[in-house]
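K.L.:
Each chain, written out:
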Amino acid sequence: MSKVSALARLEAMEAMAAVQLTEFRHRRLSDHPLVIVPLTMAGEAGAPLAAMVGSAKRSPKLLVVAQPRNRDQRFAFAAELGGIVMDYIDHCRRDRRAGSSRGKGVASFYTDAPQVLVPNPGGVKALADLGRTCRFRKTTGSYPVADIVPRLGMWLTFLVESAEQAGTSMLLPVTGMLGEHWATGQSVLEDQNLASLMAWIAPPDGLDVAQAMADAENPDVCPPAGPATAPSFDKYYLEPAIKRFATADPLAAAAAEAELRELIADQLKPTWRLMWQAISLLRGVPEAPRAAARFERDRASFTAYSDYQDAGGLPQRKQDAPIGAARRLSRLERALADFEADMAFDDPYVLADRRSVGEAFAGTVVAAEPGRIVTTDKNRRVPRPLVTVRTQDPTRLAAGTKLISPSMPASHRALIVSTIPDEDTSLVTVEIVGGMGQGLVPKPGSVPAQGQQVAYLPDPGWRPVPVFPDNDRVPWTHAAAADDTDEFHEAATEEWGNDD
Amino acid sequence: MKAAVDARLDVLRGSALRLTYSARSLAALENNPRCTLRAVLDASGSNKTDIAKHAGYELPFGQSPFAIARGNSFEAMVKANGCAELLRVLREILQLSLPEVGYQDLNDVGGDGRSEIRHARTRQLLVRAARGLGDGTLFDHPMLLLRVGGHAAFLEPDLVAFRVGDRFHVVEIKSFPIIDGRADPAQVRAATTQACAYIIALRAMLAEAGIGPEAVSETIVLVAPRDFTNRPAAAFVDARKQVATLTRQLARIERIGDLLDLLPDGLTFAIADEAGLPRPAGELVEALDQVPATYRPDCLNHCEMAFYCRARARDGGSLDVLGPVVREQLGGIDTVTMALGLARGKLRPNDEQVEIAASLRHAARLRAELRSTAGTPGAAA
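Line order of the protein sequences matches chains V and H.
Position in the first sequence counted from 1, then plus 272, gives you the working numbering.
Position in the second sequence counted from 1, then plus 98, gives you the working numbering.
Extracted from the complex, chain V is given alone in its bound form:
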């Protein structure tokens, strides 16, 4: 967090209302996201209790595991959820077109990519657990599951892994999306409670923020958005209802199940409504220009994974092998750097954040040497104009840092030559090195003129895809001690464990 964002939180606290933190919504918001509100049973990981699922506010589908400790019912739930998720994924795979010719690999992309929205980071974790329980399951032998169960497991794992990568939009917690755009006067921890966060942004009619916040933390008024249910709900309502269902004779079982479903539906409905309210609020925020390019990358990775699955791909490993881990880390770091630069480039608010900590600067051009020409090592004469910017920002960028500028054409590139403090301002001299065209005279508009306002931030740059050794040539320092080829077999024969 920077001082600008901290200040926004202070303003929110003073005004008792959420304040804007960005100009844009940096995440793509699909026209038809799949909303999943998962609930799990306390005390046991990967024990789903229920989920409310759907792509439209009006038609939620309620899935309930009437006896969460029964693993047959758990996988029946997974199969039912799998049906919905796979329908949705197939919906995104209806149309495929040739992509840009650049690069190798996927030659054509699906024109759409899935977007699953859950209420909070805990929802992502619940899907991760469900994905892990399902993806190694076998469809034959002892304890077989429906075909769709391992497929759901693999797709959920794919979505969860994509969510770890900055800038993707295939699985997102709504609290995160809201928190990127609005600052509240409460802590980051409390912002993970969807109802609390919404209390700041759009309190219910007739309530002020303080009252709405108090309601948001009262499980009787606002049931938690999951995945955990309120302990008091478990104790006074859920446990007796499950017991009634479990002990009901066949004639009464249907009534007991209906009662249980209704009970759980009442817990889920308020969150369901909040989810769609949040989505419509987010639709009201303009999407950042560069979100489109990130969506294209989502589509590429969605297409690649879909093809891998269609070719009978294996479930994702439990733990990365050394090379895979290195690859993943490199990809995640890269994505984070790119996403941060994208946001700062698009969004003056984010740029201000970076400026306040000296990672970017903006100011007025006070001196320019537009006609400067230098001779390169290769004996070529090239334009290298010098421009001096006076800024009040506390710049900390070292000489030689490569820069991009949101206030100049996209191909504009510059290097920091020197930074000289001048009373409470700094004079930053930069050398323009790119985006001026081929000739000796820079194209018009490619060099900032005296008196012009410009902003610069570091260029995350182009980096070659790092080369890692093959999987069978892992250096001994990183070689795994044990061979885990039987991992798949072992996990699939996991005890069913209905013994409690």
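Treat the hints as calculated values from the structure; they're not laboratory data.
Please note that the accuracy of each hint is not assured.
[What the hints assert, rightly or not] EDC-like, lysine to aspartate or glutamate: derived pairs with alpha carbons at most 16 angstroms apart:
1. H/Lys151 with H/Glu384
2. V/Lys674 with V/Asp696
3. V/Lys397 with H/Glu384
4. V/Lys333 with V/Glu534
5. V/Lys410 with V/Asp344
6. V/Lys590 with H/Asp278
7. V/Lys541 with V/Glu511
8. V/Lys397 with H/Asp282
9. V/Lys674 with V/Asp744
Place chain H on chain V using the hints.
P.N.:
The following block gives chain H in isolation, referenced to the frame of chain V:
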């Protein structure tokens, strides 16, 4: 001196029953050690749940019956048939050589479940074992005793295993899963801290018999469900650092008198008067207000007083409300009024605030610039 402190603590608690420390509340000491309110309430054995509720700040805490049932059934399964599953895990997964197994059930002594009796029996058996006598290797639910601030607190580890490398090992049986070799770090930490209380109590007990601290290992054995099954997995957890931390926290409790000296005379958190009539909530809040509290948002996860402290921080416009992420950006500033005053140039910074004030003013200028251009099309171009 000690008596004076105790009398003082009794006054603070009022007529309510004294709560003793449990492993859980001792482990909680680690969470927010600087909080005076918490220290004073705990040391006086006050019931924080009742106090918060009476003051009008009840926190919907508690454990789900499903979690409790799962915890109990997992522990029962691990210990069934003389700890057969547990031994399998200790031998196979941790590759421990437990040549002979002598299982000792200390849940009661000949049907007598009183803590004192169980503690006496525990001491007898464990001291014998430490001296190489007897055939005990697994001690189920021994009863340990730790003196905290001069008061006895009985602690009951799930299990103590002996002769894992000839040292006692505390075994914690927990029902959160170890999935693919990984468990939730927060839960592992809480389990480890709880086990630290047992290590310290075990050492204290052996020390009385002249046995040195090296007889108790600072590595605990965590036993938890493997992946999504009901079968156990086990792992060693190094608890050295937390043993040291908890030892330090316990030493602080001994010095509770220093904290009490700073509080006004006659202060009490009683929720009823001597006649048993409820005390006006406003009066209780006033009493609580007298004691410094260190609120942090994560108190909401573990302290019964959190709603009260948060309301107090909000009323005072304290930056504590926003949490450490914001606080660390605003070092040396405590309140919203001051931070915004400095940012808007309406307050003069003191010598230590000059630097932070300058960067706040800069941030405020940036935000003002944004607001003036917000909404204009192409503002981002």
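K.L.:
All hints, please: hold or fail.
P.N.:
Each hint, compared with the structure:
{"no.": "1", "hint": "H/Lys151 with H/Glu384", "result": "15 angstroms, holds"}
{"no.": "2", "hint": "V/Lys674 with V/Asp696", "result": "24 angstroms, violated"}
{"no.": "3", "hint": "V/Lys397 with H/Glu384", "result": "42 angstroms, violated"}
{"no.": "4", "hint": "V/Lys333 with V/Glu534", "result": "13 angstroms, holds"}
{"no.": "5", "hint": "V/Lys410 with V/Asp344", "result": "13 angstroms, holds"}
{"no.": "6", "hint": "V/Lys590 with H/Asp278", "result": "6 angstroms, holds"}
{"no.": "7", "hint": "V/Lys541 with V/Glu511", "result": "20 angstroms, violated"}
{"no.": "8", "hint": "V/Lys397 with H/Asp282", "result": "11 angstroms, holds"}
{"no.": "9", "hint": "V/Lys674 with V/Asp744", "result": "38 angstroms, violated"}
The structure shown violates the earlier hints numbered 2, 3, 7, 9.
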